[in-house]
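Enquirer: Quick mapping for you: the protein sequence lines, in order, are chains A, B and C.
Taking our numbering, the leading residue of the first sequence gets 32, the next gets one more, and so forth.
Taking our numbering, the leading residue of the second sequence gets 20, the next gets one more, and so forth.
Taking our numbering, the leading residue of the third sequence gets 135, the next gets one more, and so forth.
Derived from the structure by calculation, the hints contain no laboratory data.
All residues carry an ideal CB built from backbone N, CA and C; glycine is no exception.
The reader is advised that the hints may include incorrect statements.
[Claimed, not checked] So the derived label-pair ranges between C-beta atoms look like this:
#1 Q78/B <-> K235/C: 50 to 58 Å
#2 K442/C <-> A78/A: 27 to 35 Å
#3 D512/C <-> D69/A: 35 to 43 Å
#4 A312/C <-> E75/B: 19 to 27 Å
Next come the chains, spelled out residue by residue.
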Amino acid sequence: MKFFMTKNIFRSILIINVLTVLLPIFFLFNSALRETNDFARNPLVLARHPYWQNFTDVWADGSFAIYLKNSIIVTGGSLLLILIFSIGAGFVLGRYTFKGQNLIIGFILTGMLIPAKLAILPLFIQLKWMHLLNSHIGLILVYTAGALPAAIFIMSGFFRALPLDLDNAARIDGASEGQLLRKVLVPLVKPGLAIIAIYSAIPIWNDFFLPLVFLQDPSKKTIMQGLTAFFGEYQSQWGALFAGLTMAALPLIVLYLLLSEQFIKGLTAGAVKG
Amino acid sequence: MLQSGLKRQQQKFTWLLLTPGILVIVIFTSLPAFTTLSYSFFHWTGFVRGDWAGIENFQRLFTFPFRAQFLSALRHNTLVFIGIFIIQTSGGILLAYSLYQLRRGQRFFRTVAFFPVIFSLVIVGYMWQSLLNPFNGPINVIISKLGIDSGGLLWLGETKTALPTMVFINLWRWVGFPTIIFLAGLNAINAEYLEAARIDGASDFQIFRKIMFPLLAPSMTIVSVLTFIGAFEWFDLPFILGGSNGNPEGAADTLALMFYRLSFGSADSIANEVGVGSALGVVIFVIVGVGATLGAKMLRSREVES
Amino acid sequence: MRGFRYLFGLDLGEKRGYFSPKPVIFEAFFHQITLTLEEEIREDRIASHRLRGLLAAAIAVSAIAVPAISALPANAATELTFWSWRPEDKVFYEKEAAIFKEKTGISVKFTPYVATEYNALLATALTAGSGPDVMQIRAYGGMSALSDAGNFLALTSKDVPALKSMAPGTLQGTQGYANKSVFGLPYATSVLGVMYNPDLLKKAGVKALPQTWASFISALKMVKAAGYLPLGNGTGYAPGLEQLWGAVGPTFYGGTSFFNDVVAGKRSFTDKNFVASLQAVKDLMAYMPEGAAALDYNTARGLFANEKAAFYIGGNYEISYFRTLNPSLNVGWMPGPSAATGAKKYVTNWTDGGFAINAKTTHKAEALKFLNFLASKDFAQAAADELGWISTAKYIKATDPAVISMIRAIPSSGTPFLTLVGFRYGTPTSSATMQPGFQKVASGASTPESLAKDIQAAIASWYAPQKGKA
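Just need the whole structure built from these sequences, with the hints factored in.
Expert: Okay, here's the thing in structure tokens:
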């Protein structure tokens with residue numbers, strides 16, 4: 032009897048949690064489908080006759096498509112560099128011994144502690160000097176540098192966990208070090224790559240601060256940065272505002288529904304940097 | 020012969036693979052961090068560096084008119100840390116323990132609990148801003164439908180409630196994170212210990228308090244350190260909800276917001292203070308670095324091996 | 135090195151080879167990684183299949199979407215970018231841009247930003263060497279730091295003939311501090327004062343417009359007694375408080391003569407008359423709506439526009455917003471009431487801002503063309519009609535009766551906006567101290583006396599004639 036009671040307590044705690052999480056999001060979606068004046072009269076009514084025009088209005092403004100494209104470029108570019116560099120460095124640090132190794136590991140760990148936000152001023156001036164301000168490449172490099180230390184750290188852990196026999200067997204078969212990495216080891220650390228991909232890509236996709244400072248050209252803005260401008264522009268046009276928020280939130284929601292386990296593992300792997 | 024050939028190949032490979040990554044980190048993380056430090060020792064006009072200033076920027080940060088702003092921001096960061104730490108950690112443990120107890124359906128509840136973590140703070144901020152709108156937000160509408168006068172509840176608009184409201188929004192967004200960390204910690208506990216205790220007739224609560232909670236210490240260390248770092252670099256949410264001035268009336272001002280205003284100018288002044296801003300950046304870094312390291316050291320010494 | 139080791143708990147000498155460091159912060163985390171590692175390596179194939187399918191889908195979507203996006207109207211012909219802090223004027227500017235395009239073939243993209251974040255965004259953009267071709271700039275100390283850094287194209291009356299016909303006082307608004315060239319085309323004069331709703335006053339039994347402070351207070355009381363909101367202003371929008379003070383304060387501190395004295399360093403902000411002007415703002419707070427601390431700018435203005443509040447104290451630029459909310463609103467304007475019977479009334483006015491050209495623009499000729507369009511009679515008349523601007527060009531006819539009464543009042547009672555015109559050239563500005571200071575007065579955390587002291591200390595910290603004065 033007591034056993035069932037405790038179970039029920041925990042179940043109700045979790046059900047309450049589900050409601051707190053999902054109701055605000057449902058409100059967001061619902062309001063996005065309502066006409067502004069209708070919403071202003073009563074915010075708590077189901078959108079029985081979806082008013083899709085909010086979405087077409089926002090999309091017709093044109094900037095959302097551009098923001099979306101820019102976010103894909105910036106996130107994709109950073110991700111590519113992070114994966115390539117962290118595979119290389121993770122492999123070397125996880126499977127080789129060499130002079131100065133500890134120093135490099137120490138350096139990478141220090142890198143994990145430096146928040147890009149606090150170095151924003153010198154970065155701004157440095158990027159200006161390098162002609163990388165107002166450019167996606169500059170932003171990609173800054174994001175890469177920010178996520179790389181933890182990515183290397185995680186990757187080297189994965190490489191280290193693979194049995195050494197693999198290397199020896201491959202070498203005896205005449206594989207070069209490059210072949211060993213590409214053909215034997217990389218396929219085995221794929222789960223690690225998924226973790227790193229999510230760990231680094233989600234915060235980049237969600238960030239608005241670095242673009243706010245580094246990108247000024249409206250045609251280069253990313254989606255979250257664009258959203259802040261969008262809110263200034265549409266002020267109290269509720270329908271458009273909610274539609275804009277929904278559109279910005281949707282890509283990650285869909286991905287999360289498909290890959291929730293990977294998301295949870297990936298994002299908590301970022302526990303080092305938060 | 021074969022061995023040394025391999026060694027040579029490995030050596031070449033080592034630097035070939037390490038250099039690009041290290042270089043990016045050096046140029047775009049380490050270098051700017053060091054220059055922040057150097058910037059704080061110079062006079063600045065706009066973004067143009069002037070002559071050597073010694074510790075003048077630090078002195079200015081701690082005297083009128085920056086002193087009052089700095090102290091109030093620091094106070095807010097500290098309150099936010101305490102608030103987030105208490106509610107988010109206890110909430111996280113509660114949810115994690117509930118998930119742990121519930122084998123069936125755990126996956127669904129865990130997925131939902133973690134859901135808000137994936138949202139951008141921009142979306143979370145604007146969503147809650149409209150939910151809490153004092154004039155036509157659904158929360159006040161519900162409250163008044165329950166027969167309570169909601170006219171006085173201004174949430175983000177009033178100095179007294181703004182910061183606690185933001186802490187609550189932060190909880191909504193982030194509680195799934197410690198939940199997962201604690202859940203991993205609970206799952207890592209050796210089942211034999213629990214079994215032994217149960218045979219000895221210990222109640223569920225006793226087992227949690229005497230065995231599980233102490234063994235959660237490593238997870239607690241991570242959560243505490245991350246909460247500390249997050250609280251003292253708190254920027255995104257107050258910026259979205261209150262702008263760079265930490266409105267209302269600077270009631271939600273934080274060190275990071277002040278740093279942003281000093282660096283890039285603010286609503287009431289187009290002129291910036293790069294020197295004082297960099298000095299503040301150094302101060303924040305020292306607070307976060309020293310606090311997190313000492314805290315972690317202290318917490319770790321209390322951990323027990325499981 | 136020892137310090138470094140201590141900080142990160144690195145034991146560099148311990149074990150060579152595979153990960154030997156045990157940094158304090160990371161150890162616990164590291165422990166967790168190894169825990170899940172084995173499980174990860176045996177990761178279920180389903181997820182990786184799903185990942186692969188998803189990747190393919192993403193590629194397919196972008197293959198369709200990216201060309202579709204690129205097919206969006208490209209900037210084929212010259213497109214000038216134009217920034218402003220007035221999202222509420224978007225429709226107007228886009229209409230004018232269409233007229234300009236018809237005349238010249240040059241298109242203009244108008245991008246407004248939230249007013250409170252505009253300064254930081256513009257400064258960042260200009261410093262970055264980018265930024266718009268043409269932009270709305272603040273006046274006086276609100277632009278001088280940017281113009282002194284060489285961000286704006288210096289304007290001559292040869293390039294922009296309209297500058298010739300402007301009064302020196304107007305042009306002062308867009309002149310630099312170190313470099314005294316004119317960097318912007320002043321577009322409008324702003325005027326502060328008291329806007330009232332004649333219908334509500336009639337309903338409340340207020341028969342004559344209040345001329346003195348005492349009669350103003352009693353009018354507010356009568357409105358309140360009649361069940362209407364006396365004053366629409368709130369304390370949530372900090373710049374609004376400075377403007378409220380600018381409207382009612384000068385009669386207390388003595389207008390232009392006090393302005394000249396503090397600029398010269400003869401008197402200071404702790405002067406009892408100046409304190410009295412701050413006290414006047416505090417007195418008005420009693421007549422603000424309940425929850426005034428949370429009233430944002432638009433909500434506060436909405437109270438007046440929707441005929442809930444009888445008075446709103448602010449600038450002429452509020453009127454266009456009132457009219458968008460309520461086209462049939464009956465609005466009157468009067469200067470701030472005199473401190474006592476017979477005391478002089480003042481009408482605070484200043485150059486609201488200007489239009490400037492980015493010194494680094496690659497479309498200088500087109501930008502100048504657009505600037506001259508903004509200086510044209512047609513544009514100025516349209517702005518006067520639709521945005522309620524008080525044009526810097528004298529020949530523009532105002533139609534709004536409230537605006538007409540403002541324009542009539544300036545020659546006899548005009549006075550410069552003390553904090554804005556005089557003391558924004560260094561940091562901290564008097565405004566930066568005054569705005570949050572008033573909010574603290576509202577919440578009871580400060581008094582007019584201590585606010586005056588703070589303002590004096592702020593100005594004395596950088597303004598030479600006031601150095602060392604209390």
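Enquirer: Against the earlier hints, flag every one the structure doesn't satisfy and list their numbers going up.
Expert: none
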